[in-house]
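J.: With my numbering applied, the sequence shown closes on residue 511, and no number is skipped along the way.
Quick caveat, the hints were computed from the structure, so don't treat them as lab data. Some clues are possibly wrong.
As the list claims (entries may be wrong) - The calculated lysine-lysine pairs, modelled on DSS-like cross-linking and capped at a C-alpha distance of 30 Å, are:
hint, residue 1, residue 2
1, Lys385, Lys460
2, Lys188, Lys352
3, Lys352, Lys340
4, Lys324, Lys356
5, Lys155, Lys355
6, Lys324, Lys155
7, Lys356, Lys70
8, Lys340, Lys155
9, Lys385, Lys355
10, Lys70, Lys155
11, Lys90, Lys188
12, Lys379, Lys460
13, Lys155, Lys379
14, Lys155, Lys188
15, Lys352, Lys379
16, Lys70, Lys379
17, Lys324, Lys340
18, Lys352, Lys90
19, Lys379, Lys340
20, Lys70, Lys324
21, Lys188, Lys385
22, Lys385, Lys356
23, Lys324, Lys355
24, Lys340, Lys90
25, Lys70, Lys188
26, Lys352, Lys385
27, Lys340, Lys356
28, Lys355, Lys379
29, Lys379, Lys356
30, Lys155, Lys356
31, Lys355, Lys340
32, Lys352, Lys324
33, Lys90, Lys70
34, Lys90, Lys324
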Amino acid sequence: MSVDEMTTTSESLPAILDNLREIVGADSVLSSHEQLLVYECDGFVIEKNTPDCVVFPETTEQVVAIVKLCNQHQIPFVPRGAGTSLAGGCLPVGGGVMIALTRMRGIHEVNLRDRYAVVGPGTVNVHLTQHLKGTGFHYAPDPSSQGACTIGGNVATNSGGPHTLKYGVTVNHILGAEVVLPDGEVVQLGGYLAESPGYDLTGLFVGSEGTFGVCTKVIVRLTRDPAAYRTMLGVFETVSDATQSISGIIGAGIIPAALELMDQGIIEAVEAAFGFGFPLDAGAVLLIEVDGLEVAVDNEAKQIVELCEQHGAREVRKADSPQQRDLLWKCRKKAFGAIGRLSPSYCTQDGVVPRTKLPEILKFITESGARHDIRIVNVFHAGDGNIHPILLFDERDSEQVERVLRASDEILNRCIELGGSVTGEHGIGVEKISFMNKLFTAEDLETMESVRIAFNPLGLCSPQKMLPTAGACGMEHIERSHPARKAAL
Numbered sequence: 023m024s025v026d027e028m029t030t031t032s033e034s035l036p037a038i039l040d041n042l043r044e045i046v047g048a049d050s051v052l053s054s055h056e057q058l059l060v061y062e063c064d065g066f067v068i069e070k071n072t073p074d075c076v077v078f079p080e081t082t083e084q085v086v087a088i089v090k091l092c093n094q095h096q097i098p099f100v101p102r103g104a105g106t107s108l109a110g111g112c113l114p115v116g117g118g119v120m121i122a123l124t125r126m127r128g129i130h131e132v133n134l135r136d137r138y139a140v141v142g143p144g145t146v147n148v149h150l151t152q153h154l155k156g157t158g159f160h161y162a163p164d165p166s167s168q169g170a171c172t173i174g175g176n177v178a179t180n181s182g183g184p185h186t187l188k189y190g191v192t193v194n195h196i197l198g199a200e201v202v203l204p205d206g207e208v209v210q211l212g213g214y215l216a217e218s219p220g221y222d223l224t225g226l227f228v229g230s231e232g233t234f235g236v237c238t239k240v241i242v243r244l245t246r247d248p249a250a251y252r253t254m255l256g257v258f259e260t261v262s263d264a265t266q267s268i269s270g271i272i273g274a275g276i277i278p279a280a281l282e283l284m285d286q287g288i289i290e291a292v293e294a295a296f297g298f299g300f301p302l303d304a305g306a307v308l309l310i311e312v313d314g315l316e317v318a319v320d321n322e323a324k325q326i327v328e329l330c331e332q333h334g335a336r337e338v339r340k341a342d343s344p345q346q347r348d349l350l351w352k353c354r355k356k357a358f359g360a361i362g363r364l365s366p367s368y369c370t371q372d373g374v375v376p377r378t379k380l381p382e383i384l385k386f387i388t389e390s391g392a393r394h395d396i397r398i399v400n401v402f403h404a405g406d407g408n409i410h411p412i413l414l415f416d417e418r419d420s421e422q423v424e425r426v427l428r429a430s431d432e433i434l435n436r437c438i439e440l441g442g443s444v445t446g447e448h449g450i451g452v453e454k455i456s457f458m459n460k461l462f463t464a465e466d467l468e469t470m471e472s473v474r475i476a477f478n479p480l481g482l483c484s485p486q487k488m489l490p491t492a493g494a495c496g497m498e499h500i501e502r503s504h505p506a507r508k509a510a511l
């Protein structure tokens, strides 16, 4: 379905507003221009488009009724969680109905004996963590935005987080899901067991960015709490020294629970916000955490300190109390929020490179920033090579926006050249559709498109996301919004 076709079908939407109000209640439908502006973009602020209306279902039955109504009138629809996506994953490209799942936030069941929980897609990630405190178990995926992002959104993009290095990404912790397919049929993918016979449809659904249907319940795997933690902060003169330490730690056979790097720009912002005592003259800091049995973590922590010192660490600080550990993690998790002290707008990229290529990509990022006169600061999941360069700009200045897009594309192209990828956890959304042809062959993309058609034959559910094979609409959108980026691609 093209953008023009979607616009045409959306013209019939006013006729169904009363039907939508009957389904969810008058207070659960937004349709005025002022109300819809809040939903014109997600965390990727460069691309914007308002939906024709936003509806807030509270039950699976209401989602089914909304989806069937959209099918009846050929109106596109897109599910949305908290809107923290950083790649335009819930951007309503052709308008239509936005299904906001934030009211479906119940924690329906917690079964510690069988180590699972059943939650609504609108459940905020950290709320499940808080709910499980004191039980001896936790939900391992912890994206940096976990104080705001929803588990349904994490499922959509297969989110990672600081503890990905040891515990894996979201797909490693999802046992099953209840899904409303794009035609309104309700299906159960997976179940309550770690292994299910047949095709891994749960694994297929996780990371599909809302293009296969609307998730209405999630069965998550619970992980036993570690017996002990050791949390450290390595202080380095240069980013290069810090990345060499990362290679040394992994090369020694140590798999930390987390291994996070923040450069000087991020240190400046975080220190201004939280006053932890970060050294403002340091080129980079490494937040390192090991966990496990008490007898093991002391030995690993000792080895890590020695390795950091061998690679030029000025000092390695240890968190001496749970309060110090919590503050360190608060600084890391809220680093993106602290960026507001540096710039009115920012664009966070999400490339991946082999760990050994970290010094090379960071050097390239610095050069790209200088080339395009854009300040770039860095915070990333160093242990698995997932970089997050943050490009600072003012979105009110269109010329700055174009320079940011050019620099972003250069950095992502370089990630591909170094044997990496353009996303580790943010997804493709609308931002990175043009890179899919560089990552995959035409045959690969055709296969992916066939799978999507099997789930979403009419293309009404989250149209113009992820794949360029759905037509030229994604490129048309880029060309209309940012012609300089189209030329660069």
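J.: Determine for every hint whether it applies to the structure shown.
T.: Here is what the structure says about each hint:
The suggested pairing of Lys385 with Lys460 holds, with an alpha-carbon distance near 23 Å, which does not exceed 30 Å. At roughly 20 Å between alpha-carbon atoms, Lys188 and Lys352 fall within 30 Å of each other, so this suggested pair holds. Taking the CA atoms of Lys352 and Lys340, the gap is about 16 Å. The hint holds against a cut of 30 Å. Note on Lys324 and Lys356: the hinted pairing holds, with a Cα-Cα distance of about 28 Å set against a maximum of 30 Å.
Among the hinted pairs, Lys155 with Lys355 is consistent with the structure: their alpha-carbon atoms are about 19 Å apart, no more than 30 Å. For the suggested pair Lys324 and Lys155, the alpha carbons sit about 29 Å apart, so the restraint of at most 30 Å is met. Among the hinted pairs, Lys356 with Lys70 is consistent with the structure: their alpha-carbon atoms are about 25 Å apart, no more than 30 Å. Restraint check: the Cα-Cα separation between Lys340 and Lys155 comes to about 24 Å, which is no more than 30 Å; the hinted pair holds.
Taking the CA atoms of Lys385 and Lys355, the gap is about 25 Å. The hint holds against a cut of 30 Å. Straight-line distance between C-alpha atoms of Lys70 and Lys155 comes to about 39 Å, which puts the hinted pair past the 30 Å bound. Taken as a hint, the Lys90 and Lys188 pair is broken in the structure, with Cα atoms around 42 Å apart against an allowance of 30 Å. A C-alpha spacing of about 19 Å is found between Lys379 and Lys460, which places the hinted pair at or below 30 Å, so the restraint holds.
Under the criterion of a C-alpha separation no larger than 30 Å, the hint pairing Lys155 with Lys379 is inconsistent with the structure, at around 38 Å. Restraint check for Lys155 and Lys188: the C-alpha separation of about 21 Å stays at or below 30 Å, so the hint holds. Annotation: proposed proximity of Lys352 to Lys379 holds, straight-line Cα distance about 28 Å (limit 30 Å). A distance of roughly 34 Å separates the Cα atoms of Lys70 and Lys379; the hinted pair therefore is violated under the 30 Å criterion.
Under the criterion of a C-alpha separation no larger than 30 Å, the hint pairing Lys324 with Lys340 is consistent with the structure, at around 11 Å. For the suggested pair Lys352 and Lys90, the alpha carbons sit about 43 Å apart, so the restraint of at most 30 Å is broken. For the hint linking Lys379 to Lys340, the alpha-carbon distance of about 28 Å falls within 30 Å, and the restraint holds. Of the supplied pair hints, the one linking Lys70 and Lys324 is violated, its CA atoms being roughly 49 Å apart against a limit of 30 Å.
The hinted pair formed by Lys188 and Lys385 meets the criterion: a straight-line CA distance of about 27 Å does not exceed 30 Å. Between Lys385 and Lys356 the alpha-carbon distance is near 25 Å, which keeps this suggested pair within the 30 Å criterion. With a C-alpha separation of about 25 Å, the suggested pairing of Lys324 with Lys355 holds against the 30 Å cut-off. Proposed proximity of Lys340 and Lys90 is contradicted: the alpha carbons are some 56 Å apart, above 30 Å.
Our distance criterion of 30 Å between C-alpha atoms is broken by Lys70 and Lys188, whose separation comes to about 36 Å. Annotation: proposed proximity of Lys352 to Lys385 holds, straight-line Cα distance about 28 Å (limit 30 Å). Proposed proximity of Lys340 and Lys356 is supported: the alpha carbons are some 20 Å apart, at most 30 Å. In summary, the hint linking Lys355 to Lys379 is supported, as the alpha carbons are separated by about 25 Å, within the 30 Å threshold.
With a CA separation close to 27 Å, the supplied pair Lys379 and Lys356 stays within the 30 Å bound. Distance restraint check for Lys155 and Lys356: the Cα-Cα separation of roughly 21 Å lies within the 30 Å cut-off, and the hinted pair is therefore satisfied. Among the hinted pairs, Lys355 with Lys340 is consistent with the structure: their alpha-carbon atoms are about 18 Å apart, no more than 30 Å. For the suggested pair Lys352 and Lys324, the alpha carbons sit about 24 Å apart, so the restraint of at most 30 Å is met.
Among the hinted pairs, Lys90 with Lys70 is consistent with the structure: their alpha-carbon atoms are about 26 Å apart, no more than 30 Å. Among the hinted pairs, Lys90 with Lys324 is inconsistent with the structure: their alpha-carbon atoms are about 59 Å apart, more than 30 Å.
The structure does not agree with the numbered hints 10, 11, 13, 16, 18, 20, 24, 25 and 34 stated previously, though it agrees with the rest.
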